[in-house]
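Build the full structure now, drawing on both the sequences and the hints.
Going line by line, the protein sequences match chains A and B. Just so we're aligned: 414 in the numbering used here is position 413 of the first sequence, and the numbers increase by one with no gaps anywhere. Just so we're aligned: 48 in the numbering used here is position 47 of the second sequence, and the numbers increase by one with no gaps anywhere.
Misleading hints may appear alongside valid ones.
Remember, identical chains collapse to one label, so a pair may be satisfied in a single copy or spanning two.
Within a straight-line C-alpha distance of at most 16 Å, the following computed EDC-like cross-link-like pairs (lysine to aspartate or glutamate) qualify [what the hints assert, rightly or not]:
| # | residue 1 | residue 2 |
| --- | --- | --- |
| 1 | Lys90 | Glu420 |
| 2 | Lys27 | Asp292 |
| 3 | Lys27 | Asp56 |
Think of the hints as simulated: they come from the structure by calculation, not from any bench.
There are 2 protein chains.
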Amino acid sequence: MTTPLRLGIAGLGTVGAGVAKIVAAKSNLLAARTGRPIVIAAVSARSRDKDRGVDLSGYDWESDPVTLATRDDIDVFVELMGGSEGAAKKATEAAIAAGKQVVTANKAMLALHGQELAAAAEQASVALRFEAAVAGGIPVVKALTEGLAGNQITRVMGVMNGTCNYILTRMETAGLPYDEVFAEADALGYLEADPTLDVGGIDAGHKLAILASIAFGTQVNFDAMQLEGIQRITIDDIRQAADMGYRIKLLGVAQMTGRGLEQRMSPCLVPANSPLGQLEGGTNMVVLEGDAVGQIVLRGPGAGEGPTASAVLSDIMDIARGDRISTFGQPANALEPAVGAQTAVPARYYLRMELLDKPGALAKVATVLGEAGVSIDRMRQYAHEESSAPVLIVTHKTARSALDHALQNLPGTAVLSGEPVAIRIEQV
Amino acid sequence: MTTPLRLGIAGLGTVGAGVAKIVAAKSNLLAARTGRPIVIAAVSARSRDKDRGVDLSGYDWESDPVTLATRDDIDVFVELMGGSEGAAKKATEAAIAAGKQVVTANKAMLALHGQELAAAAEQASVALRFEAAVAGGIPVVKALTEGLAGNQITRVMGVMNGTCNYILTRMETAGLPYDEVFAEADALGYLEADPTLDVGGIDAGHKLAILASIAFGTQVNFDAMQLEGIQRITIDDIRQAADMGYRIKLLGVAQMTGRGLEQRMSPCLVPANSPLGQLEGGTNMVVLEGDAVGQIVLRGPGAGEGPTASAVLSDIMDIARGDRISTFGQPANALEPAVGAQTAVPARYYLRMELLDKPGALAKVATVLGEAGVSIDRMRQYAHEESSAPVLIVTHKTARSALDHALQNLPGTAVLSGEPVAIRIEQV
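See below:
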């Protein structure tokens with residue numbers, strides 16, 4: 002048997018404990034599949050005493066993750082602390098500088114500092130791997146970076162925040178308003194400490210930014226992401242969408258256009274009978290499209306102890322085998338700056354607005370849309386007893402710039418109550 | 002730039018030509034993603050003059066694939082000839098003996114000779130890779146071997162023959178009988194020269210045998226596969242299944258049971274609203290279940306030039322990077338013999354039989370089922386004007402052995418016309 006691969010695990014929450022359990026319970030299997038034993042040398046976490054459902058007494062304990070990351074007796078630093086800045090980043094940088102391989106599940110850190118960390122890892126000739134950072138247990142980073150490496154990727158799409166998909170699915174099936182389901186999800190512990198990370202699309206946006214970098218050979222650029230959360234989606238939107246054969250998903254889309262890389266994380270209407278439309282609850286789905294392969298759809302659990310630990314192990318085992326791959330699939334210095342494109346790919350849009358009970362109101366809305374170059378495919382106005390009534394419009398294919406122009410001019414008509422809502426209908 | 006990786010491609014059909022096109026058209030991309038140029042040194046095929054839509058004049062030509070496989074100036078032998086025996090096997094063996102890496106799309110060769118070839122490759126310290134052999138463009142071999150390597154795999158399922166899925170889907174949507182759709186598929190060129198390879202489940206069975214070996218660490222053993230084709234499925238079966246919320250798929254299932262490895266490729270009923278049930282036409286789907294990850298579903302094109310070439314490129318690019326992995330995910334001598342288990346996992350079954358118009362006929366059938374320990378969940382008898390009438394039965398969960406016992410005894414009742422049909426209802 003060759004030399005063991007020695008891990009230092011920083012962060013012993015659900016995922017860290019899950020990794021420790023697998024390494025302890027399956028040593029024979031892991032060794033058979035990689036050709037060498039995989040062992041834990043030392044661990045680190047905030048509290049030493051907590052019961053994590055796994056015996057950690059056989060491993061050295063470090064209170065400082067930076068010390069852990071640079072110990073002589075570890076080969077791989079497994080960063081499972083989370084957080085884009087602070088300890089996680091400091092320890093990761095220290096590990097790289099000390100020539101350690103790094104495996105992390107930290108999507109925020111990679112989305113915000115991926116380029117800098119990839120360059121450092123390359124400089125130090127170490128691996129920086131992050132299968133667990135995107136879509137939990139789905140081996141999508143590997144599928145994209147290695148499995149479809151012979152393709153020019155044309156588009157990446159994904160439903161990658163289970164909490165948002167749970168909220169939208171639950172609103173639909175239970176017929177409950179957003180606020181109520183949000184409160185439920187909160188009570189169930191589904192939401193991040195800062196719930197905007199979930200419902201604002203930030204967490205899913207981090208994941209999309211990482212995939213976009215691999216797919217298009219660009220420097221990860223989360224700032225160029227067009228972000229929109231699910232907070233303004235109403236139960237009426239969901240019902241109307243269903244009525245027209247669609248479902249609303251918080252959908253990430255990345256594609257290279259003539260005007261640069263387009264990255265959007267926003268609510269979209271997708272056909273109810275498509276794989277994305279059929280996705281229920283907390284499950285994740287990623288759609289990868291390549292010029293040779295066509296469309297590949299991957300579906301699986303996006304979070305949780307087992308699935309995330311499974312992804313972390315995949316990276317560790319690749320390192321144990323000696324597999325070498327650039328962090329984002331190409332050398333860091335070969336990655337192009339990701340020029341953030343405005344939404345360039347035209348699409349149909351679903352519009353909802355509250356029309357005041359004024360003569361000629363609808364005509365004014367139609368005129369503004371027409372003048373902006375937005376043509377109407379379908380429209381519905383609902384009976385009303387209030388001073389305003391909902392109007393739903395589905396446009397023909399239109400440029401986002403034209404739509405934005407119309408949305409800017411609509412308030413000037415003085416026939417609307419509140420802000421109009423526009424949701425893209427994505428062709429999937 | 003480091004030394005180029007030099008390919009020798011044997012077999013220039015659709016897939017071979019597709020690989021040559023990608024290597025020629027994307028040299029920069031492939032080099033950026035692997036760190037070295039990938040070039041074609043020489044090719045081989047039956048006919049030299051055929052127009053393949055790609056300029057091959059710059060490559061050396063070998064009329065004998067064995068000569069190609071052992072040329073000094075190739076690093077990787079790319080076997081795309083097909084056929085489990087003969088030239089493909091001879092050339093593959095020669096390549097391995099000459100210390101060449103091998104990439105193949107040949108499912109039949111691997112299903113029948115995988116163990117022997119894997120052992121030879123190991124002996125020679127070369128890679129033997131075959132992403133394209135299973136489910137076309139879906140990177141499922143990689144997902145299973147590497148992406149889920151930290152899991153004990155509990156079950157593998159797959160719809161992996163596009164032609165069968167096309168026939169079953171078309172029967173349902175067009176309401177046409179099997180024979181008619183079979184003739185259509187034949188006219189469209191969807192069927193293999195020997196159509197039993199498709200409709201008899203053999204082709205899909207080869208793929209499942211390969212996945213089972215990786216999943217369960219067993220020697221690939223196609224002989225132990227329980228094979229049943231789609232030839233006896235009627236339009237009535239499809240309609241009845243739909244009526245009960247199911248669809249019929251040619252489904253492969255491999256799982257480890259207390260009595261050994263169970264491998265089945267047979268028509269099954271699956272819930273119409275499950276990902277497998279929703280699969281239409283020629284698309285493939287593989288479901289991987291692991292103890293840590295839960296369920297991962299992969300969906301994509303199972304055949305065709307681009308998808309298959311994409312899979313071949315994935316293997317070539319892994320080799321270019323220097324990635325090393327055992328053929329079936331573990332050293333060949335560590336693989337256990339696959340003891341063929343009878344169907345051990347109990348399931349519900351759908352039964353269809355033609356009942357003769359005799360008094361007490363139904364009671365006799367019910368008695369035989371009851372005596373065998375098969376209990377009935379639902380039953381339907383249809384009005385009839387003929388001398389026999391169809392009866393449909395859905396059983397409660399039952400052992401296959403009990404069901405087989407009943408099926409053996411049913412003819413003795415002398416109330417049936419023809420053979421009863423039994424289709425497993427798979428829990429997915």
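Quick rundown of the hints versus the structure:
no.	hint	result
1	Lys90 - Glu420	neither (40 Å within a copy, 68 Å between copies)
2	Lys27 - Asp292	between (39 Å within a copy, 11 Å between copies)
3	Lys27 - Asp56	within (14 Å within a copy, 50 Å between copies)
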